[in-house]
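Participant: Listed below, chain by chain, are the residues.
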Amino acid sequence: MAHYKYHILCCGGTGCKSSQSGEIVKNLTQILAEKNLSNDVQVITTGCFGFCEKGPIVKILPDNTFYTQVKPEDAREIIEEHIIKGRKVGRLLYENPENKEHISDSKHMGFYKKQMRIALRNCGFINPENIDEYIARDGYAALAKVLEQNDPAATIEVIKKSGLRGRGGAGFPTGLKWELCRKNDADQKYMICNADEGDPGAFMDRSILEGDPHTLIEAMTIGGFCIGATKGLVYIRAEYPLAIHRLQVAIGQAREYGLLGKDIFGSGFDFDIELRYGAGAFVCGEETALIHSMEGKRGEPTFKPPFPAVEGYLKKPSNVNNVETFANIPVIINKGWEWFSSIGTEKSKGTKVFALAGQINNVGLIEVPMGITLREVIYEIGGGIKNGRKFKAVQTGGPSGGCLTEKFLDTPIDYENLIAAGSMMGSGGMIVMDETSCMVSVAKFYLEFTVEESCGKCSPCRIGNKRLHEILCKITEGKGTMEDLDELRNLAHVIKDTALCGLGQTSPNPVLSTIDNFWDEYVAHVVDKKCPAGQCKALKQYVIDPEKCKGCTACARNCPVGAIHGTVKMPHEIDQAVCIKCGTCIEKCKFNAISIK
Amino acid sequence: MDKIKSLADLKKKREDLQAGLSLRERGDNMENLIQIKVAMATCGIASGAKQVMDFLIEDLDKKKVPAVVTQTGCMGYCYAEPTIEVKKPGQEPIVFGYVNVQKAEEIVEKYIRGNELVEGIIPVNYEKIEK
Chain A
3 MAHYKYHILC
13 CGGTGCKSSQ
23 SGEIVKNLTQ
33 ILAEKNLSND
43 VQVITTGCFG
53 FCEKGPIVKI
63 LPDNTFYTQV
73 KPEDAREIIE
83 EHIIKGRKVG
93 RLLYENPENK
103 EHISDSKHMG
113 FYKKQMRIAL
123 RNCGFINPEN
133 IDEYIARDGY
143 AALAKVLEQN
153 DPAATIEVIK
163 KSGLRGRGGA
173 GFPTGLKWEL
183 CRKNDADQKY
193 MICNADEGDP
203 GAFMDRSILE
213 GDPHTLIEAM
223 TIGGFCIGAT
233 KGLVYIRAEY
243 PLAIHRLQVA
253 IGQAREYGLL
263 GKDIFGSGFD
273 FDIELRYGAG
283 AFVCGEETAL
293 IHSMEGKRGE
303 PTFKPPFPAV
313 EGYLKKPSNV
323 NNVETFANIP
333 VIINKGWEWF
343 SSIGTEKSKG
353 TKVFALAGQI
363 NNVGLIEVPM
373 GITLREVIYE
383 IGGGIKNGRK
393 FKAVQTGGPS
403 GGCLTEKFLD
413 TPIDYENLIA
423 AGSMMGSGGM
433 IVMDETSCMV
443 SVAKFYLEFT
453 VEESCGKCSP
463 CRIGNKRLHE
473 ILCKITEGKG
483 TMEDLDELRN
493 LAHVIKDTAL
503 CGLGQTSPNP
513 VLSTIDNFWD
523 EYVAHVVDKK
533 CPAGQCKALK
543 QYVIDPEKCK
553 GCTACARNCP
563 VGAIHGTVKM
573 PHEIDQAVCI
583 KCGTCIEKCK
593 FNAISIK
Chain B
1105 MDKIKSLADL
1115 KKKREDLQAG
1125 LSLRERGDNM
1135 ENLIQIKVAM
1145 ATCGIASGAK
1155 QVMDFLIEDL
1165 DKKKVPAVVT
1175 QTGCMGYCYA
1185 EPTIEVKKPG
1195 QEPIVFGYVN
1205 VQKAEEIVEK
1215 YIRGNELVEG
1225 IIPVNYEKIE
1235 K
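Keeping their order, the protein sequence lines are chains A and B.
Just remember that this note's numbering sits 2 ahead of the position in the first sequence, which is counted from 1.
Just remember that this note's numbering sits 1104 ahead of the position in the second sequence, which is counted from 1.
If we strip away everything but chain A, and leave its shape as in the complex, we get (with noise of 0.2 Å):
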């Protein structure tokens, strides 16, 4: 075997494959090998190290440095420098964006110093096309630990100990969810596993299945062992292609060692996994809609019960769990729920894995223990908010949560604590604002998203949630009316209460936490027909300072509808009737004159 002194992990993730970390990784390899330096140093594409923000990252070993934003072209100058001549590419390395230094090991940078990763473990750190690499890392121990035991009740009770929970959002206790399915008998049962990752903006389970694809393997046959299934179904959005393809090579790979298929460790035991592809409709993530999507009916949710631990997948009992939940169970038997268990809050145990995105310095993917605070989570791991602006809101659990502000930064994160602060975990999507965020826009934005995905079989979604739609966009028109303030809260109760299924009870959410949270705000756009946040465009006004003006008339000659008048060298005048708000007179303006109001 060759004996490697460096290793170069080059993200293989999504994002980094589309700022060509294929290319990079192709490059390396030709550099090498022309240098013959091919058995020296192995070259390895990973899964997502989860600082996106900073992508191409570029990993070596062992001396630990990080390289970020790489190109193909700066291959040669790795290996040139780094790995022959033993000095660091400076210019690549990641910059404090405090104090300007540079830091070469990632274990110092501010991003990854708060993080703890379990279900991530493995994510840019092996080749998840390896099933070899997996195995180094304690991979199927777990499998064959709970098949030698051989008694299901008992991993069962272990994982309820553990205190893991849900992690698609609702927070349903896992362990739990196992034993009411083992509990019914049948023929036939089912293990699924929802990959219909939903949210806009959020990516933590297409990076595990990208990353780390065997541990959702080795967990799915551990649960579907558990509550005495044969079969396990992964329910993958089509959309994903490299989750996919990463996917169905280890499940290749797994069946080639006997992992999975009949006898597995010669324990008896039969399983084996296939896929389902769904077409990328939000309301598949709900069991209920997931199941008939998967038996080639409409993607609808029906009402519960019973539940799919009775009658789920053709009407045999079904577990459902997702991703980043099955991404946990491997280590929790490894390590023992004691060791899970200390980790958390009272109720939430273990770690949550956020898609940081917005106005924020470092957007990624992060893994936190529970009871972090938002403080931690958006100014140390983050970097804080985008160009020096002030942090105004923070949204979490996507279209069914609601907007944090300011004063929750500093409460713990965990399932109660969020919901009692008006939002909710969710599947872990992070969206942060600055002050420059409309929150009325905001929840209009989410509105669009849950008209457009709803699936239209009750009517308090299909049309209560058009209807707030249409409310909030009279708003951001400035046609608003005081009225419409408690018609907007009065429906959005009324659709919460009634709706079939968990889409359509959480829609109005974002509406509701930003009246609460933001209440002055609406009322400017209805009573002052002003956006404080000058995002609106129907309430901006572009205003000539005649103090200023030369009568350039710059601005009148630019101006795409003819809306400026004026004389030469007098001071000119925006006709507000005419003026559609684009922006080109304050950009042709040469007396900074013109403002906006």
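Hints are not guaranteed to be accurate.
[Said to hold, decoys possible] If the Cβ cut is set under 10 Å, some of the chain B residues that face chain A in the computed set are:
#1 1108
#2 1109
#3 1110
#4 1131
#5 1134
#6 1161
#7 1162
#8 1174
#9 1180
#10 1184
These aren't lab readings, by the way, just hints derived from the structure by calculation.
On a predicted model such as this, the values are computed, not experimentally measured, just so you know.
Virtual Cβ for every residue (Gly too), placed ideally from N, Cα, C.
Given chain A's structure and the hints, the job is docking chain B onto it.
Facilitator: Chain B alone, transformed into the frame defined by chain A:
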């Protein structure tokens, strides 16, 4: 490919495979391991640092000593090349000069494994600027 039929099979396989990943695992846990830096500038390479580095990696691996061997630039002791710096966890680094393969073996045996100092230590003649 052989099937994995039992827990014992898996354990054996894991042990065989772990060597392939140990470099990465160690890099991730460097503070708690013995770190050896081999000066590999032109002068070092010309006096045989590459062979020394290859030897160190293989020898330490064979003896199962948890260490990380990396290369570094010129340490400035060009008269004493090849030079290596050995840092044990929680201790000050020590620089050895004129390290050929025999010397490297002696350092591994006596200093690294036996904690006994050997000839050839270059005294510290500089100060580090701490930020």
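Participant: Each hint needs a verdict: does it hold in this structure or not?
Facilitator: To see whether the hints hold, each was checked on the structure:
no., hint, result
1, 1108, "5 Å, holds"
2, 1109, "5 Å, holds"
3, 1110, "5 Å, holds"
4, 1131, "3 Å, holds"
5, 1134, "6 Å, holds"
6, 1161, "6 Å, holds"
7, 1162, "6 Å, holds"
8, 1174, "5 Å, holds"
9, 1180, "14 Å, violated"
10, 1184, "18 Å, violated"
The structure fails hints 9, 10 (numbered hints given earlier, in ascending order).
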